[in-house]
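J.: Read off the chains here:
Number of protein chains: 2
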Amino acid sequence: MALIVQKYGGTSVEDAERIKNVARRIAATKDKGNQVVVVVSAMGGTTDELIELAYQLAEEPSARELDLLLSTGEIVSSTLLAMALRDMGCEAISLSGAQAGIQTDSAHRHARILKVEGKRVVKELEAGKIVIVAGFQGVTGEMDITTLGRGGSDTTAVALAASLGASVCQIYTDVDGVHTADPRLTPEAKPLTEIGYEEMLELATYGAKVVHPRAVELGELYDIPILVASSFSDTPGTLIHGGASMEVRNKVMGIAHDLDVAKITVVGVPDRPGIAAAIFQPLAQAGISVDTIVQNASIENITDLTFTVAKSELAGAMRVVEPIAKQIKARECLSDSKLGKVSIIGTGMQNTPGYAARMFTTLSERGINIQLITTSEIRITCIIDAARVEDAVRALHRAFELETVA
Amino acid sequence: MALIVQKYGGTSVEDAERIKNVARRIAATKDKGNQVVVVVSAMGGTTDELIELAYQLAEEPSARELDLLLSTGEIVSSTLLAMALRDMGCEAISLSGAQAGIQTDSAHRHARILKVEGKRVVKELEAGKIVIVAGFQGVTGEMDITTLGRGGSDTTAVALAASLGASVCQIYTDVDGVHTADPRLTPEAKPLTEIGYEEMLELATYGAKVVHPRAVELGELYDIPILVASSFSDTPGTLIHGGASMEVRNKVMGIAHDLDVAKITVVGVPDRPGIAAAIFQPLAQAGISVDTIVQNASIENITDLTFTVAKSELAGAMRVVEPIAKQIKARECLSDSKLGKVSIIGTGMQNTPGYAARMFTTLSERGINIQLITTSEIRITCIIDAARVEDAVRALHRAFELETVA
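For the record, the sequence lines run as chains A and B.
Taking the working numbering, the leading residue of the first sequence gets 53, the next gets one more, and so forth.
Taking the working numbering, the leading residue of the second sequence gets 53, the next gets one more, and so forth.
Looking at chain A on its own, in the form it has when it is part of the complex (with noise of 0.2 Å):
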């Protein structure tokens, strides 16, 4: 006997309809023999609804008091979602985040999972039923309740997981798996059998948004294979872990995309020590996240300092660098929103400089004017036009093969 802990996202439980559909799969789940424990996300839509009522009440409402009232969207999906189960026969129940033991800090809005206390999910475990966990959500110390952030209900799912050493996470969402590029750009883009967990990490981090980064790390680290696959058919879907296979495949695995970036330079910087701690420490200390860094090869001690960040910060990070422009007497500060992130993932990267030289040749042949680059091991990133990602997403596909892909 198996454990097996499910996730379905919004989509998949958008309506009554699609919850008895649900219900019917982890029905069917729990007929192979297996024991399951399901994790759900809000319906689809009722997250927004009720961010716009606080926002009809409060210029800022409390983060406190925004994960309270979002911490109800899971548990009524959650409670239907057993009551649907019941209906058909299926002893389940469902728990809140609290009451699933999902123990967090106190960071409200984006908290981090300290423990798992399983007890209450282990019991109704055995005593045959199916558990539902509302995803999203946990509980403090003081039994606050707190709400994970991004990737919330992906995450709750993989912690879950690790906690009762399931056999397997499987992610339910509305595309059959994680594809070698974003199926709407790519209608050739196919789902992949297999991923590493660092592969899709990078994937996920630079834009694939089939599964949140966040959760393949927790899988990573504990070594919960995580199936993706959709609520809608039946198709086998990706399934992520760190066989060895991964290792020597030695290719591209999939290109991710992302249209959500804008760039700030800053001109004219005097390159001596501190300067970058200058600039980055107030914009964590804004909350601002910041991605890539390029800092180029220095001209008589003067050098120019790119950076990125996601669309909605700009204009927060434009205000924090500005002062800082001037204090350190740079020459300016320039800024760009119109741009778009495209990347190529796979294993091998390092030691096959031909994928790098492919990718920038691609992109050229499209003329394709590329703003900056990053790379990892296992990752070549290049910042271009937004207007362009589509046209470079479909170039790479075709330029590495993709299409051909098991």
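Keep in mind that a hint or two might mislead.
No copy is singled out in the list; a pair is fine if it fits within one copy or between any two copies.
[What the hints assert, rightly or not] Restricting the straight-line Cα-Cα distance to at most 16 Å, the calculated cross-link-like pairs of lysine to aspartate or glutamate (EDC-like) are:
| no. | residue 1 | residue 2 |
| --- | --- | --- |
| 1 | Lys175 | Asp196 |
| 2 | Lys82 | Glu143 |
| 3 | Lys72 | Glu112 |
| 4 | Lys72 | Glu178 |
| 5 | Lys303 | Glu250 |
| 6 | Lys175 | Glu112 |
| 7 | Lys72 | Glu111 |
| 8 | Lys175 | Glu194 |
| 9 | Lys171 | Glu194 |
| 10 | Lys171 | Asp196 |
| 11 | Lys381 | Glu194 |
In case anyone wonders, no lab produced these hints; they're calculated from the structure.
Please build the complex by placing chain B on the supplied structure of chain A, with the hints as guidance.
T.: Below, chain B alone, put in the same frame as chain A:
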């Protein structure tokens, strides 16, 4: 510095504007130097919507799951109210029933409060905060969420007031107090300035919906004065309390009515010990609440047994009673669902026979036939045709000169 508990009903927090209005009233109470605990119901309509959703997913939704589902309604309104207060510069915090320490038994859908473990509420009050508590809900020893059933939020408010030693529990609703009769039927009905617990209990039990009898009982038990007033106006409202002035007033305080009355008569029942038990025990086991019971004087050891139930329970009650009637060799089983109840409530009933006579004469003058009569120390109730209830209430209101009440 007084500690005041306020409760706001669903219509008072129906939308963002009304929530802001309620927040202003709470802030004003706090500004007068009081400590304030607020209990809120779900935004008007929410609970019905959630129940409808549940019935889309299950023919008979599990009571435990329904409770967890419904509890979200009051959490939403509590958090929104806390946000509105904070937005106007008042320190406020919302707590779920569980967080506020409302500990109940595990009778889902109609749980009883066992204890209020008020540590968290006290801590927040001492920190100078307004504490908003989600009404209608509690938590069992196993950390399962319960709801308190009808009148739940009123009960939460009075229970909190009792456990915190509040000076008053103010129940805000959409009418400006307890009236001498239902103002919708009797435009000349007047709000009462004050009323005793016992009389209020009878008024509420026999049809006045403005405050739940359960809350009144709890108020009496712990001697908590309850003010019933409107959240939409600044009229003084009605104070329910146990002051001695009540006892000696010796007059009719109000007319209650109820249109949800059905009657069952078991005709020709052999009058021997055990017959009443044979009928009423199975009804109790079927969860059917029996109200008025009348047994006629027995003639030749044969009697008729008549009792009333809510209209919605008539069919179920008949299914229970008919086979028993056969078994005990009663002649037949009759039912009537088009009945109503009209009651006069006041002190000194027993010592002033004139009241009963005046009631019966008034009804008879209007040609209203009385089907059943029951009395308590402070109440006389007549069961009459539903179609004549409105007429009866108005006539009694005039006959007892209630339009001149202070």
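J.: Hint by hint, which ones does this structure get wrong, listed from lowest number up?
T.: Hint check: 4, 6 and 11 fail, others pass.
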